[in-house]
Amino acid sequence: MATATKHPTETPIIDDDHKAVLDERYGYHVYEIGRFKFERDEYFVRVSYPKGTYIADVGNFLRSMMRDVAWGFFYGWVNFDDIFGTVNRYGSVDVFVGTYNAGYKTAGTDFVERFDAAKLLACFKSLLSDWTNEGYDPFAAPLETGTPYGSKNGNNDEAVNFQRELAERFVGLPGDTEIRTDERGFPVNRHFRDVVQDAPEVHAEPGFEGQLSAFSLFDYLARSPVTWNPSIVSCVGESAYCPTSEEHILPIQHGNDRVEWFIQLSDQITWEVGDKETGAPRAVVTMKAGDVSAMPADIRHRGFSPKRSMLLVWENMAPGLEERYGSGELPPTAAEF
Amino acid sequence: MATATHFASIEAYEKGGVEIVGAESPKRYLFSNLFEVAGRSRPWERVVVAKNLEFTIECAHAEGDSPWYICSHDETILAMQGEMTVYFIAPDDSDLKPPEDKQGARRLDVEPAGRIMSHVKMGRGHMALLPAGAAYQIRPQSLGVVLLQSIEGEESIERWAEICQH
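Protein sequence lines correspond, in order, to chains A and B. Residue 99 in this note's numbering is what sits at position 99 of the first sequence, and the numbering runs on without skipping anything. Residue 52 in this note's numbering is what sits at position 52 of the second sequence, and the numbering runs on without skipping anything.
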């Protein structure tokens, strides 16, 4: 029986461990946490919950799960699609089916449970490891990896345990994250071989060594081994530059709990934007090199990048912003004119 | 080649845009193009192209030497176009540095007296730290465009109605 503690909002938080049982038909484990049950076969994931069943392509599901796990549930809503996803409550996490889908809400078939974040993360990490076969990398663009389909065939824990690099102040400062090089295992991606691989020159006078740092952001991004997975390269207070390389489709629809910004550094991404609560379409934002756009705090977005491109995501990491936007204290837009 | 990487410049940029579905307003997306903004600005105007509460990303048309600036907190510079050198001085006069509660860059009237810290040579795509308390000046070798990660201050210019899609 699930143990539950009370959150300040009176939503019970389930903090039981997950269960995993081998399904001998396909060789994968079946996972249970709370009243959710996750199963996979050769092509699909099937999630059972008290009000029904959710089914999805397992490739899309694993790509979404990979981001959710790697980002520690990220900011706000991680919609795997229009129906299933998670909401980060910072310390606890909601898992939902249909809660932010107008059709499910109207039909009353929506369902949500709140879990202790560490317990849910342990479940999802185990599932991701078990369900990812040898030769398949859910972080990679489809043209760069194998197939997610089929029965159990080894694993790819090196890929699913990839850690993104998070600078505390600035890349290259003593004690902070390092620049990317061949020697560190970051070769230039096939789509960025035409990007100039030069570097800035830092000429520090005696006594000032280590106080200044510079690097090529374009080279850094050209060497990104993953897609749709921002790193952090600089922080000014809570202002964080989170650049990332993008190719194919952002697997999730991200519903941020704060305003975020995109600066398209190279090539092009088209963003499909919907209402955060209902999923109703609101806009299509096409960004070309040099374009700048805000993503308001009341929408969900998903990107499409036909060629690997460079995107600068800009976040305000200040704790508590989710409550200030959620309560209406702050407007959902960054500025008005 | 289908996989050729495309960067833009003041002389060659192509702008995307916001297409609305239903009752949405494009103004909410504060959509602009940094090369267009820089091309329409006077040299070294620090035009805010992105704002997140007090934090800013400011875009500048880099032509001719910049003023000397100093800041109580870190900033960063990203060269989006052109080659340039950033010079750093540790000022002798500690009063030049704004107090901790004063945010954003402060413009200095003249080059401050002090110890030369370093210089950084940068080209397109290069990024450098502008550390708190160090006076800095940017000297472009040619027409350039830079993005400055900062906090709203007396040098920050907001002109959303002029730069954003309506």
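These are computed hints drawn from the structure, not numbers from a lab. It should be emphasised that the depicted structure is a prediction, and the values quoted were computed from it without experimental measurement. Treat the hints with care, since some could be wrong.
[To be verified] Computed cross-link-like contacts, PhoX-like style, restricted to lysine-lysine with a CA-CA straight-line distance of at most 25 angstroms:
| id | chain 1 | residue 1 | chain 2 | residue 2 |
| --- | --- | --- | --- | --- |
| 1 | A | K19 | A | K37 |
| 2 | B | K97 | A | K288 |
| 3 | A | K288 | B | K15 |
| 4 | A | K307 | B | K121 |
| 5 | A | K19 | A | K125 |
| 6 | A | K119 | A | K51 |
| 7 | A | K105 | A | K37 |
| 8 | A | K51 | A | K37 |
| 9 | A | K119 | A | K19 |
- [ ] Hint by hint, work out which the structure violates, then give me just those numbers in ascending order.
- [x] 2 and 4
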